[in-house]
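Chains as they are written, first to last, in our numbering: chain A, 1 to 274; chain B, 275 to 607.
Calculated from the structure, these hints are not laboratory results.
Just so it is clear, CB atoms sit at the ideal spot from N, CA and C, and this is done for glycine as well.
Any given hint could be a false lead.
[Unchecked claim] Pairwise CB distance ranges (calculated):
#1 286(B) <-> 42(A): 58 to 66 angstroms
#2 258(A) <-> 300(B): 28 to 36 angstroms
#3 296(B) <-> 15(A): 52 to 60 angstroms
#4 221(A) <-> 296(B): 50 to 58 angstroms
Here is how the chains run, residue by residue.
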Amino acid sequence: MSAIAAKDARPTRGLAGINPTVLGIEIRRLLRNRRTLIFALILPVVLFLFVGTNKSYANLNAAGVVGQATPAHANVSAYLLVSMALYGAALATTAGGAMVSIERAQGWSRQLRITPLSPTSYIIIKTMVAMVLGLASVIAVFVVGSLTGVPHMLPGFSYLWFVSAACVWIGALVFAALGLFIGYLLPSENVMQFLGLVMAAISFAGGLFYPLNQAAKILQDIAKWTPMYGLNQLVHSPLLGGTFDFMWVVNAVAWFAIFVTGAVWLFRRDTKRV
Amino acid sequence: MRIEKELQPAGGPPAIDLRDLHKNFKQVQAVRGMTLSIASGEIVALLGPNGAGKTTTIDMVLGLSQPSSGSVSVYGIQPRQAIDSGRVSAVLQTGGLLKDLTVEETCRYTASLFPTARPVDEVLQRAGISGIADRRVGKCSGGEQQRLRFAMALLPDPELLILDEPTTGMDVEGRRGFWAAIRQDAERGRTVLFATHYLEEADAYADRIILLRHGVVVADGTSAEVKALAAGRTVRATLHGADEAELRIIPGAESVEIRGETVLIHANDGDSVARYLLNSTSARDLEITARALEDAFVALTSDSVGPGGDPRTPADIPAEGQPAVTSQAGGSR
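Only chain A is shown next, with the shape it has when bound in the complex (with noise of 0.2 angstroms):
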């Protein structure tokens, strides 16, 4: 806590200001905000208790859920957890890369610019903050799903939690790329209650909350085309161990590229106006 051990940090132009100091008190903040807490880590939990751990779940295996014709390695419950710890890292990493809305809208982002911190390290920071964000919801899903007994991998397959896990966590990264996007499209300070609503509207989209092989026809056309489609089926193809599609990972990159894209248009011109 002494002053002077911020004196240690020594940034250098370019990646100048990531530093412990300031990623430690980003986190901090990050604790203090209930409301994002609320959505990053109790919703997806609360979620997985609600639809995941029925008891029926125990002994189903998850082929059952994609219409897969070789059985998966793991039950039903394990790949709803999976379903469930995507939709929280995603809202995690969108509502900490949305974290510059409000840093604009407050002239944080201003201020900062009369330091040496540069604009891509300011980014950077960001982006970490909303990963690490990411991994609690990620940590918070997985742990307490297994407290509860009922997801269950097939023996042998005990190393796709982890597999499963790295996944979602890296997937979300597609999630921060798409917060700092509307960060900077939106300066406002309630910019999560809208993002609430579109990743509720595009988790339903890209069939996460329900088997689209049971949906209309049209409707699995369109999936093919939303954002947590590709991540969807990624997420869970080691835990069900069936077939491979290219496309799933095209899906992924191609949103990924498209929201950096707008979030590094739409940061020049920031850097430039302000």
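Fit chain B to the supplied structure of chain A, relying on the hints for placement.
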């Protein structure tokens, strides 16, 4: 010649050097050809009404925006480099703080961004907010938030401190306390440039006043010199059938206003105007009043001075780009 000049270290580049600076926003020319130099150790007020170009100029000095043409240098280097090396820092207008951080966290965050910074405890003390270090920024009063911005600006221990309308929205007591802290700090030899539209602030705290209007410097000098610019008298009299053209050529008269039977003559030599009116016309009920800095400010910055309609007609308004008093600060280069 002014005293501050002697404080300037010989040979060093000026703290701020603006050359023919222009800034256009679409249709609006916010800054139209500003050339000025501020030497080390000066305390300078950038005075002008809203829209005069104060904030636009400061933004360019801080590298927050780029000039449309002309050049800005701070200690002989680019503004961005001066910020990075901590040689210049600023207290910007309202905003710029995160409500969910504490006062101490805000300073610690900012301090960590600089290569070297003064201890947080020290700047909090110098800004007089040690007692509220653990308070959330959102719960601080406007005056406390402004002191926090001041504390943040002190962190890099800058040679040049820039304040953009620092006391807007503060009560009288808050303003006095804030300026006492700035004044105390400036005694250590820091160069200070502040923008304000409060005349009394410029008069009380600056060694030098630069008066802006429509993006150009209209006067530049000590408070006394700026006052003297418009230090003439207003002669008021009742005169039946006044002839404006005749009154205008009275020696010493600068501008003439006729309101029915009442004649208002702004003059640099009130006595000779009064003498003329009493001796050569049928004027009566004659009154002579002095102008204060307030009037100098109005005279030099207002759009509608005198009856001519053209704001630049009166003699006390210098032509564009030619300040009425040219300070020689920084002239030792």
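Verification of the supplied hints:
no., hint, result
1, 286(B) <-> 42(A): 58 to 66 angstroms, "59 angstroms, holds"
2, 258(A) <-> 300(B): 28 to 36 angstroms, "30 angstroms, holds"
3, 296(B) <-> 15(A): 52 to 60 angstroms, "34 angstroms, violated"
4, 221(A) <-> 296(B): 50 to 58 angstroms, "56 angstroms, holds"
Consistency note: the structure conflicts with earlier hint 3 alone.
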